[in-house]
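Residue numbers (the working numbering), protein chains in the order written: chain A, 1 to 337; chain B, 1 to 337; chain C, 1 to 337; chain D, 1 to 337.
Treat the hints as calculated values from the structure; they're not laboratory data.
Treat each hint with caution, since some may be false.
Copies of the same chain are indistinguishable here, so a pair counts whether it falls within one copy or spans any two.
Using 30 Å as the maximum straight-line C-alpha spacing, the simulated DSBU-like pairs for lysine-lysine come out as follows [as the list claims (entries may be wrong)]: (1) Lys-132 to Lys-87; (2) Lys-251 to Lys-196; (3) Lys-281 to Lys-236; (4) Lys-4 to Lys-134; (5) Lys-251 to Lys-144; (6) Lys-336 to Lys-226; (7) Lys-334 to Lys-51; (8) Lys-336 to Lys-281; (9) Lys-82 to Lys-196; (10) Lys-327 to Lys-183; (11) Lys-144 to Lys-113; (12) Lys-134 to Lys-281; (13) Lys-196 to Lys-134; (14) Lys-303 to Lys-82; (15) Lys-327 to Lys-113; (16) Lys-281 to Lys-102; (17) Lys-183 to Lys-87; (18) Lys-144 to Lys-327.
All of these numbers come straight from a predicted model, not from anything done at the bench.
Listed here are the chains, written in short residue letters.
Number of protein chains: 4
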Amino acid sequence: MGIKIGLIGYGYWGPNLLRNFMRQKDCAVTYVADSRVQRLQLINELYPSVKTTQSVDELLNSSDVDAIVIATPVFTHFDLAKKALEKGKHVLIEKPMTASVKEAEHLINEAVKNGLILMVDHTYLYTSAIHKMKELISDDTVGKLQYFDSTRINLGLFQPDINVLWDLAPHDISILNYLVEEKPISVNATGISHTKNGIENVAYMTVNYQSDFIAHFNCSWTSPVKVRQTLIGGDKKMIVYNDLEATEKVKIYDTGFNHQTDEEKEGILVDYRTGDIYIPKLSELEALYSVAKDFVESIASNKQPISSAQVGLDVVNILVAAQESIKNNGKEVKLKS
Amino acid sequence: MGIKIGLIGYGYWGPNLLRNFMRQKDCAVTYVADSRVQRLQLINELYPSVKTTQSVDELLNSSDVDAIVIATPVFTHFDLAKKALEKGKHVLIEKPMTASVKEAEHLINEAVKNGLILMVDHTYLYTSAIHKMKELISDDTVGKLQYFDSTRINLGLFQPDINVLWDLAPHDISILNYLVEEKPISVNATGISHTKNGIENVAYMTVNYQSDFIAHFNCSWTSPVKVRQTLIGGDKKMIVYNDLEATEKVKIYDTGFNHQTDEEKEGILVDYRTGDIYIPKLSELEALYSVAKDFVESIASNKQPISSAQVGLDVVNILVAAQESIKNNGKEVKLKS
Amino acid sequence: MGIKIGLIGYGYWGPNLLRNFMRQKDCAVTYVADSRVQRLQLINELYPSVKTTQSVDELLNSSDVDAIVIATPVFTHFDLAKKALEKGKHVLIEKPMTASVKEAEHLINEAVKNGLILMVDHTYLYTSAIHKMKELISDDTVGKLQYFDSTRINLGLFQPDINVLWDLAPHDISILNYLVEEKPISVNATGISHTKNGIENVAYMTVNYQSDFIAHFNCSWTSPVKVRQTLIGGDKKMIVYNDLEATEKVKIYDTGFNHQTDEEKEGILVDYRTGDIYIPKLSELEALYSVAKDFVESIASNKQPISSAQVGLDVVNILVAAQESIKNNGKEVKLKS
Amino acid sequence: MGIKIGLIGYGYWGPNLLRNFMRQKDCAVTYVADSRVQRLQLINELYPSVKTTQSVDELLNSSDVDAIVIATPVFTHFDLAKKALEKGKHVLIEKPMTASVKEAEHLINEAVKNGLILMVDHTYLYTSAIHKMKELISDDTVGKLQYFDSTRINLGLFQPDINVLWDLAPHDISILNYLVEEKPISVNATGISHTKNGIENVAYMTVNYQSDFIAHFNCSWTSPVKVRQTLIGGDKKMIVYNDLEATEKVKIYDTGFNHQTDEEKEGILVDYRTGDIYIPKLSELEALYSVAKDFVESIASNKQPISSAQVGLDVVNILVAAQESIKNNGKEVKLKS
């Protein structure tokens, strides 16, 4: 049977996790906990072999569980992961990892101390689109990176406990950090709440760097149209990444500009060029399958997964800074290095 | 012949101004000044009746000129407009009006003192798309406004003297101010220069209000794709305004959300709905024709044009604040009320 | 338990049929037959309550089966349906109904004779998009119909036994017949085979009428892009139906033209107008759920389903004529009335 | 001054011809004839050096004219071109060349006899999009051609004397003949008139070949949307040519399929693959400029232009066959070889 997985939380994302862990070799989901009886009944019908319970403790204490997958609201992540790690279980947490930097750091220490795998489900890091872009940046096809400009907007699915940046930006921040080696130094963010509970449903964030690279994020739960688009500019090529396209997700533009100083006129002349466009064929493997595979293999061979706890912490670090900036009228908030 | 127009500057926009003023009744362009002989020769061929000169002063001093149209770089606007007003000429200035608030205010005072028309060419205020949106907002079809989110990006046409916000955002700021009655209170902006001259080619701006309305602008000269899109959200309808669409520029979504407090769970429940979409037929009249017409008619009947000097000043006010914010790491800059 | 369904064929479409019949009230799928053991094992895992067999006869002879759903290749439809009807079972057949008109007529007679429901799964007739278009035509919003122009092309999924018209056009022919009351009188078709087996992978068909209405179909298995689009023209409005759009499937254009005879010039003057566009919100109910529901309810209350056997026959009639036309170099083939 | 051009007809296309001939070296437009005084006044204003007349004969008899450009309705082409050739003038005719094959042949003989250049304005043959596709076909990138599928539909601009095929299809037929070396053998066409004058405003045409290549054309003046799209399939690559795209007109898909005979099953197995997409940068030179240049240079160096009279005749040949097919209920009409 291999590694025995316990899944906590069977809401929106839980069924996808369950299905993809069930497809793994040397691994089985043995237990699922959820407070809602109706959700558990669904599992009983579809997967009669999986034990279900309303008691998280029952699951955490079960000797039938080697590793825990946490798919519950953010504010519960820390307590659940801490308990699991203390009981010697490996842990995979849904993004965002925790509600604070301190919590994330505590979990990392706990995992290291106990020699356990601690992973965060930043699913996008396992997509073929992101892999293709990483490749094009690593081999210098794109050239020196200049900007990352992400728009992730749609209607609905308001979260009751976290704002739109905490809900939507983790995807794009994890992609940014994965593609760009330079570490960010500070964050500015602005936003607004239209729901009277102070939770922003529209927010904008700029992430600043020592170099002349800049990253910007536009997130909204109140757009009439759904957009999932990121522009990535290098001094050799520019990329448009549109996640809503079925087959043409990544378009690479042989586009750029050169600048030179015109000494006579004391001006800067900018010369731009446009060229061919190239759309690579991408693999259609489901990314979440690879997430589950990486978790299982990391446990089996005691290696760090791609979407490691450090990846999760780096995302939380930026989210926390963004929240502080929004609450301070957009002022620059430095990131701890 | 009616009103006699002198045009200063025959670069990118000058030919369009010349053509549209030539089409007006009770009006003629009599004089064009440009420092480049080649440009003037083009006019001689196309419009043999128009006098041309390399000397701006010759044009300003001519008794054949009642009103001046200024289509030169921004840093020259103030001096040219000041001279023209002092000589008793009505003035239409290309956007942005001036390089500072003080300059714009000085010109306004001068125009009032001399009883002259002072107008700024914010062309978008004369498009049928903006008129349709204004109508839908005024008659409460859209409901209480919640956000304005504009993206104006493309490749190239770097300006040597002003940054990308000064170049591209005047369009969207003038639209924002025209559509929204509430006055903005402050601005945050971030940006970056990739051209070693400190002039930002990528910039982001948030405009803040006393209410829960928010406006955001994304401007770039270094995008591989051209985008001209604004989302406008009201609590009854939402609008997508795509200026690149040939015939479907304005799409009105019967889309919205309601929020209510769920006392038991101490949470906010948000319920959203999607409905029909409506795309109104728009008139295809060239906007610049209407700009010229408004200038001529405002002179003839001594009335304020739609795109008045005050409209131009309000735009400059926001641009100046944005520049200050960028240079101060994105900090909030209050707007003078 | 209500009506007991036996499903024959568990290939591409079978799982969707099984799932949707399982969701019905007063109905259960009791038996599935397929020659491939692997396919049956899938059912055993997902639906342990359903009996499976490799023997169609076992299923047809079972007293646990009141009605049969046939989801096998076209050339098997007639024999299976005939046997089922002879054994007193109601029958739902996948489209296209049969490989010949004679077969379809025989089945209809058999069903009438035995008082059984015979239905064909023309799924599109149960979509909200088609219902909306039917409504707009019935209430004369669209006006007198003038043309129906359908394109259904994509790459792949070559069928080994039927050509691309038999594979793809049944969808559009059933929609055409549903929306248009007038009966077609003849068919022209052309096509080509690139697969050396004489089975056309590209084909074009015109369906002719007594009036000045015309219908055209463009079908291909060898297009690099997927298109599912139909233009429907009336003398008051025109419709673009794009089935690949997630939320904007049906766009109604207030577009038209008028013609008048200019007697002096002995010419025809045509005046066209363009107007608003309207995109109605459509229900998101799965169409196949409604197909299953109509079958079950038709059996229960002994009524004709929307997608009746006559609907299926009318489609086969056109397909047979098209095939004859292709094999005779595109000559007009009259339809039996 | 070089070659002296006389232009007959100053309607929709005339101004474009005038402008582009004016831009040529070693060439000048000296004379324009049009029956409408108003049209001629426009020329007097814009080009005071050009003589204008309402008398075609005056223009044809002028010693100031070496070559004639005919931009009048189709039914007038033959008489005008014949007269011009008889008077020793070179001739460029707007597409379609003539209203019959016999007329086109007569003109060709006349031109040969007198050693004059006779050219037809098939503008598309001078676009960079078509050149790029020709290149990709010639160097075998696309492989063996399998189909050409063109859609050219929009609303309006009904012609009073020719049907929609004669109006719109010449573009696509000239492209087809230019890209495909094999000669077509026959034509099928269907269509309908909604204007009571028997002139089809919707029409479909299939062009047949000895090999398994096929071409199809969909033309309409009564579509609510404008489409200018051609799919070209080869056994190595497939091309989507969308003339409405500003910068992405030609998309090349590394897409294809293989077929093999499965002897055991007596079936054909088809395996398809999808791959990268490539969008080449195209030159933005105005095609009509190159048409004018080719005419002038062909006269100067007595060579055949790309868009020769034979090209024009081949197009007329297909149009005449299509019309005969439509009037005979779509029956196959053989092309003279």
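- Which of the stated hints cannot be reconciled with the structure, identified by number in ascending sequence? 1, 4, 6, 7, 8, 9, 11, 15, 16, 17
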